[in-house]
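Each protein sequence line maps, in turn, to chains A and B.
Counting in the numbering used here, the first sequence runs from 1 upward without gaps.
Counting in the numbering used here, the second sequence runs from 1 upward without gaps.
You may find that some hints are simply not true.
Heads up, simulated DSS-like pairs for lysine-lysine below, C-alpha to C-alpha not over 27 Å straight-line [claimed, not checked]:
hint : chain 1 : residue 1 : chain 2 : residue 2
1    : A       : Lys126    : B       : Lys323
2    : A       : Lys135    : B       : Lys398
3    : B       : Lys402    : A       : Lys126
4    : A       : Lys126    : B       : Lys109
5    : B       : Lys398    : A       : Lys126
6    : B       : Lys402    : A       : Lys135
7    : A       : Lys126    : B       : Lys325
8    : B       : Lys203    : A       : Lys126
9    : A       : Lys126    : B       : Lys271
Quick partial rundown of chain A residues pointing at chain B, CB under 8 Å, derived from the structure [as the list claims (entries may be wrong)]:
hint : residue
10   : Gln6
11   : Asp124
12   : Val260
Simulated from the structure, these hints should not be mistaken for laboratory data.
Glycine included, each C-beta is placed from N, C-alpha and C at the ideal position.
Here is how the chains run, residue by residue.
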Amino acid sequence: MQTFFQQLINGLSLGSIYALVALGYTMVYGVLRLINFAHGDVYMLGAYFGYYAARILHPYRVVPWIDTLAVMVASMVACGLTALLIERLAYRPVRHASRLTMLIIAIGVSLLLESLGQIVFGADPKFFPQLIPEKTWRWHGVIFTNQEMVVILVAFILMVLLNLFVYRTRTGKAMRAVSFNLDAAKLMGINTDRIISLTFVIGSSLAAAGGVLVSINIPGIDPLMGVMTGLKAFVAAVLGGIGNIFGAVLGGLILGMAEVMVAGYGSSTYRDAIAFLILIAILLFKPAGILGKGQVEKV
Amino acid sequence: MKILGLHASNRTNELIEQQRPTMIANRTKNFRTGSLLFATACALLSTGCNKKESSNEIVIGEYGSLTGATATFGQSTKKGIEMAVDAINQSGGVLGKKLRIVIEDDQGKPDEAQTVVTKLINKDGVVAILGEIASSNSLAAAPVCQGSRIPMVSPGSTNPKVTAQGDYIFRVCFIDPFQGLVMAKFAANTLKLKKVAILRDIKSDYSVGLADFFKANFSKLGGTIATDISYSQGDKDFTAQLTAIKAQNPDGVFVPGYYTEVGLIARQARKLGITVPLMGGDGWDSSKLWEIGGEALNGCYYSNHYSVDDPNLILQKFVKDYKAKYGSTGDSLPDAMAALGYDAALVLADAMKRAGSSRPDSVRAALAQTKGFMGVTGNTTLDSNRNAVKPAVVLEVKVDEKGNGRNVFKETVAP
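Between the sequences and the hints, there should be enough to build the whole structure, so can you do that?
Below you can see the structure in the form of structure tokens.
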């Protein structure tokens, strides 16, 4: 039983990262109907921006919590600006082209970021500085670390904030309006370009937060770390029902748990394979994802 | 928020349908251009091959992981080889000619290794090749060298399959059946462990081989294997596997992986309350291991090709020269990959001298005759399977809270 609860904690900490990254996929998809394949690489950039921020901030360190917050905010701002740039240069010019064009551009941006990452940051793994000194707690033999708790806690705080933003603010309302109908939103006087840019910025800063949080817990970062995490987060978003914020969180947690349970009780060789099999199975029975509503598009 | 309807995919299909005729036409055209290009490339390549032996220098190729997850292997080997080449050239070169080394980065990827070795042979016209450390990369490149009849000397690939690729493939290090035996003996006899769990890297030929040889030998010595599970190179989260290992309550864990993953595994193992020693092979040998694993590595052991504490004169001179040359770059002590790179280059130069020629086939014949060559990592004699028979050392890892590590010599095991 003790082992099982330990695996639950492991799954929760892995799943909350997938959830955080999945939110960005889901938001961009909800607003633009675009699967932003570069999102996983923005997550990687987030980890690297955090790495450099932590090194610059090193001489001025005060308290672990404040340092972590500073590094995270710095990385989120940097990633937000990068996303703004990507949206402006790569996606906006083709917004009215076919969806396939945008998708191909997204893949192109993803490959570009990976290659640039290898040139600029170097292809060898870097060690992420320990911002929070590790402490462990035991509860009936189940071990928690403060780092894991920070990851889970911060991930959930960000998700709640995002939810409040989307459902309780004017800008959030505008974002939902754009996602329902771009042209109608424009006719209602919403500056749709601004809303779309904002969506990219918010989604990418969440990915950046994910990058920093993962690196606090697992301190090895490399320019290709976003490839697999991005793919898994995409799966999580589809699993939960793409376009649905709660769905992304739920999908992330399910995927994280499934992976950990397969590796812990089954064969770790099939860890990824089984995670994807679950995806296929759920989509067979519920094509719109767990929380997604199957809608017939009006013509 | 809405869901993407069937509408879009129908449109995509229509688009593809419309473009089909032109695509077919293009394909035929592309095929023609393609074959033309291919023919030109062949012509270029064959002229490239004739460049050999033209000037007063002998060109040797080296491929290694200068970047990527095993980057310190490639960087250390490169330093060792460059030191050896400098030393040879300063003392008059080989057969009156200077050695020139062409170095290519394979990023630690098998397919890249194959590409860069093909380039070294066909474009640079090298007469011999040095590399790699990671067995999967050596295994990918060896058939290229064998097929082109260019001798390849691997400094540090320990998987037995590497030299089995053909009679042009050599290595100057011991192989994993021996390394597995050394660690099994150390675990059973020195540490007196009864029950050991194995955590292997399923994507690496080296790790899978070493895990199998350890398992067989440890069982033969009366130990039991608590559990044998795996991860994949590039993974970052090992908590699921480690929790499963912890549930079995082993006396030790054998992790025959490479340093990037091993460092993270050590950290996560200690975090989950696994306090027993972790053990591994020469894939741990990197200063990056200390940086990534930190204090979690204290009380862990691995087998290696040599120890810097060995009083052997040749070795101590090498350590001193290395410090003088690279000490300022923060890399003061040579690791085993640097030492093996140095030895590999010297063994190759020695074979050329004995052959009296730098023709690949004569060099190959001379390499096969290598006997009692005294190098940094000991006495190198190549057996009929082109493997070196050498002793191994077991080292204990000690890291302080700042991430500064050193290896403490525990014992040496002769074959």
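Against the structure, the hints come out as follows:
1. A:Lys126 / B:Lys323: The hint holds at about 24 Å.
2. A:Lys135 / B:Lys398: With a Cα-Cα distance of about 21 Å, the restraint between Lys135 (chain A) and Lys398 (chain B) holds, given a limit of 27 Å.
3. B:Lys402 / A:Lys126: Status holds; Cα separation ~16 Å.
4. A:Lys126 / B:Lys109: Answer holds: Lys126 (chain A) to Lys109 (chain B) is near 18 Å, not above 27 Å.
5. B:Lys398 / A:Lys126: With Cα atoms ~21 Å apart, Lys398 (chain B) and Lys126 (chain A) stay inside 27 Å; holds.
6. B:Lys402 / A:Lys135: holds, 17 Å
7. A:Lys126 / B:Lys325: With Cα atoms ~25 Å apart, Lys126 (chain A) and Lys325 (chain B) stay inside 27 Å; holds.
8. B:Lys203 / A:Lys126: Holds: Lys203 (chain B) and Lys126 (chain A) sit about 21 Å apart, inside 27 Å.
9. A:Lys126 / B:Lys271: holds, 21 Å
10. Gln6: holds, 5 Å
11. Asp124: holds, 4 Å
12. Val260: Constraint on Val260 (chain A) satisfied, holds at 4 Å.
This entry satisfies every hint, going by the numbered hints stated previously.
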